[in-house]
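J.: Note that the protein sequences, when read in sequence, are chains C and R. Counted from 1, the first sequence has number 323 at position 306 by my numbering; the numbering is strictly sequential. Counted from 1, the second sequence has number 689 at position 259 by my numbering; the numbering is strictly sequential.
Treat the hints with caution; some may be incorrect.
Think about it this way: if two alpha-carbon atoms lie no more than 30 Å apart in a straight line, the pair counts; the simulated DSS-like pairs of lysine-lysine are [to be verified]: (1) C:455 with R:515; (2) R:727 with C:465; (3) R:589 with C:478; (4) R:589 with C:225; (5) C:465 with R:589; (6) C:455 with R:589; (7) C:295 with R:589; (8) C:469 with R:515; (9) R:727 with C:293; (10) C:419 with C:433; (11) R:515 with C:272; (12) C:445 with R:515.
These aren't lab readings, by the way, just hints derived from the structure by calculation.
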Amino acid sequence: MGSYLLPTRLSRRQVLWAGILMAATPLLAACGQAAPATPTAEAVKPAAKAAPEGKKVRLIAVDTGDGTFLRNALKPFLERNPNIEVEIVAVAWAQYDEKVDLLVAGGEAPALWWPGAKRGYRYYAIRDMFPDLTPYIQRDKYDTSDFFEPTWKYVHWQGKPVAFPSQHHLAPYIFFNKTLFDQAGVQYPPTTWEDTSWTWDRFLELAKALTKPNPDPTKAVWGTSGAWTDLRHAAWVWGGDYFDEKDYEGGLPKKANVNRPEVIDGLQFMADLIHKYKVQPSPADLQVITAGGVNPFMVGRVAMAPGATWNLLQFATIKDFQWDVAPLPIAPKSPIQRKLLLYPDQWTFFKATPYPDQAWELLKYMVSPEGMTLYSIEGRNTLPSRKSVGERWVSKVLESTKLPRERIEMVLNGIKYSQVTASHAIPKFAEAHDVAIKPPLDELWLGKITAKEAVARMEPKINEILAQP
Amino acid sequence: MRVETRVQVKRSFLRLSLTQREAIAFYLFISPWLLGFLLFTLGPMIAAFLLSFTFYDVISPPRWVWFENYRIMFTTDPLFWQALKVTFIYVFGSVPLHLGAALFVALLMNQPLPGIYFFRTVYYLPSIIGGVPVALLWLWIYNPSFGIANWLLSLVGIKGPQWLFDEFWIIPALIIMGLWGIGGAMLVFLAALQGIPRHLYEAAQLDGAGVLAQFRHVTLPMLSPVIFFNLVMGIIHSFQVFTNVFIMTQGGPANASLVYVLHLYRNAFSYFKMGYAAALAWFLFLVILVITLLIIKSSPAWVYYEGMRGGRQT
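Just chain C, same shape as in the assembly:
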């Protein structure tokens, strides 16, 4: 032991230095902490175990939020299966995907999973972590014809079903403020899918007639809010698409095909609503209008707001004006008349879950009419993916919105015109969007470049990302 261990006198300089050192390190450490020290290879191996005789089998289920919806939905199942115990791991949306990863890496792969946050099921399917359900379906002669076609098709990965459809969202529909229409003396838009007069030109005409400009953007009446439910897919609703149909099944396109007239015209139309026709607030104005979480449609400043199925029950609370809902206008240039965005959810279990047979029973229950009603309709107020359960959703929405029944059925039937979103079908779309798509679109919405330029800028970068391993 010697005095070399300790400087005889700490100078101011040394004290300052200690502070600097302490400030410098947390970032690097944070990056390393995200990784468990020893990633387990065995976690990805199927580890089927026979259920121990007379002992309770413990299954892990994950859910976002506080887990109440799942707890309520599981009650009948647990009563009928006294030998099964389900531990619900409920996580906030923002941490959901990470939590699932940590469970998988820690050897506790969930026996019940749904795409509760940013990731679709394909993220795990690519990594071969979900089971091929075909043997189970054949063994139990399980009937899958009740699922809505597009949702059932989507759960197939490389031709094999690896999950079951549970619930879905559809967007956009045009929600309209009847009171503003009446004040402007303008006729309401058509409210059936069959009415072919409902075009984007008609939409624009109405928007122009309904807009009442004001230097204060919060006092103006806007023809449309442009609070598009999902700006990532702005081109789709005009019939445009960055990908080909087979890419949606395969999920792993090597290149995108953005440079098409229906994409360019669609994006240009959306930008023109802001800058040329001035029927929609600019991004800056929109920020003012929506400050504090205000929904511009709900405060009566917007005549026609593109919205999603989840808006129905939200708008049911509106008291100051009458509103109704119209379909998406017809796409003018696409070979397909309408391309509604379909956001499908599923239930499934991880291959590596310890008791796959019990997990299969749990899965069957969750996607049964009973489980689906309890979780998706009673719990999450979401469209069920079984046709036979659709009526229950219609009744529930009918009760709270007081809209005509045929209108809610029109919304439910939107799935016929829908296509699974690129963000769900193509796992790399999230990165392609952040890196390649959003920056030029930002400039387009600001009126700095044209849609043609935006498309020219994004295409090579999207392809760069898609080409990466």
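Based on the hints, put chain R in the right spot on chain C.
T.: Below, chain R alone, put in the same frame as chain C:
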């Protein structure tokens, strides 16, 4: 004091010398931090360094790829250079401005005026509130048609820019916003100002120095260790700028505010490329290290410690 401790040394049954006892005390006192550092910082840092040579998505085992992440970073990642550029502009814009502003406010707060304690509190107050609420507040301030920033500019006849929606103004906007947090640096400056002995000013006055000359030849040299400290801290913090950008712009418009740590964060927690994110983190660490070392190298020329200049006796 010294005498008393020596007495205790004699009583010590372990017969440790004073320096040994002091060494033990030192390590005991520092151990909470040291243990925390070793367990929660150094370990993960080493793990991150090793991960930076792998492809790793958390759920699959990491795959060793040598320098592939670094190759991608320097050659194919379209946003790496953009993120680096944006961050450098931010750092070199914000650090001098914040340092100057903090010093200026500290000089004002050092005046012997009635009620000065109140003003000191007021100017320090914003530093207590940070993170998300402040970002939300500044969203309002910068609003092009409504915000107080453009309203103030309109009073002097200037039509304000679009701030957060303008590729040119977004970084200046973030730099100005950073002034919100100068309270910490101001406090350090203020403490140092109070520690400058009066007699140095008196001597300077006798030599006929004016206010500016006193500032130049007494205040600045006496403050130089603290300027040095605030400079290095400011650079370290500025390179890690994240929250405001994450809340206010998400890197937009058109990646004009894509700061380095946001790019890193997205790779780690949006795309789950943990190996690549670790490589990005280590590169940032090296950048900060090199710049810090350069500042240290330069410090003997301009940093004065009592009786020493740049660590050398004068």
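J.: State for each hint whether it applies.
T.: Right, here's what the structure says about each hint:
Taken as a hint, the residue 455 (chain C) and residue 515 (chain R) pair is honoured in the structure, with Cα atoms around 19 Å apart against an allowance of 30 Å. As the CA atoms of residue 727 (chain R) and residue 465 (chain C) are separated by approximately 46 Å, the hinted pair breaks the 30 Å bound. Restraint check for residue 589 (chain R) and residue 478 (chain C): not satisfied, since their Cα atoms lie roughly 36 Å apart, outside the 30 Å limit. Between residue 589 (chain R) and residue 225 (chain C), the direct Cα distance comes to roughly 29 Å. Compliance with the 30 Å bound is thereby established for this hinted pair.
Between residue 465 (chain C) and residue 589 (chain R) the alpha-carbon distance is near 19 Å, which keeps this suggested pair within the 30 Å criterion. A hinted pair counts as satisfied when its Cα atoms are at most 30 Å apart, and residue 455 (chain C) with residue 589 (chain R) qualifies at roughly 28 Å. Between residue 295 (chain C) and residue 589 (chain R) the alpha-carbon distance is near 21 Å, which keeps this suggested pair within the 30 Å criterion. Under the criterion of a C-alpha separation no larger than 30 Å, the hint pairing residue 469 (chain C) with residue 515 (chain R) is consistent with the structure, at around 27 Å.
For a cut-off of 30 Å, the pair hint linking residue 727 (chain R) to residue 293 (chain C) is broken: about 57 Å separates their Cα positions. The hinted pair formed by residue 419 (chain C) and residue 433 (chain C) meets the criterion: a straight-line CA distance of about 24 Å does not exceed 30 Å. Straight-line distance between C-alpha atoms of residue 515 (chain R) and residue 272 (chain C) comes to about 29 Å, which keeps the hinted pair within the 30 Å bound. Straight-line distance between C-alpha atoms of residue 445 (chain C) and residue 515 (chain R) comes to about 26 Å, which keeps the hinted pair within the 30 Å bound.
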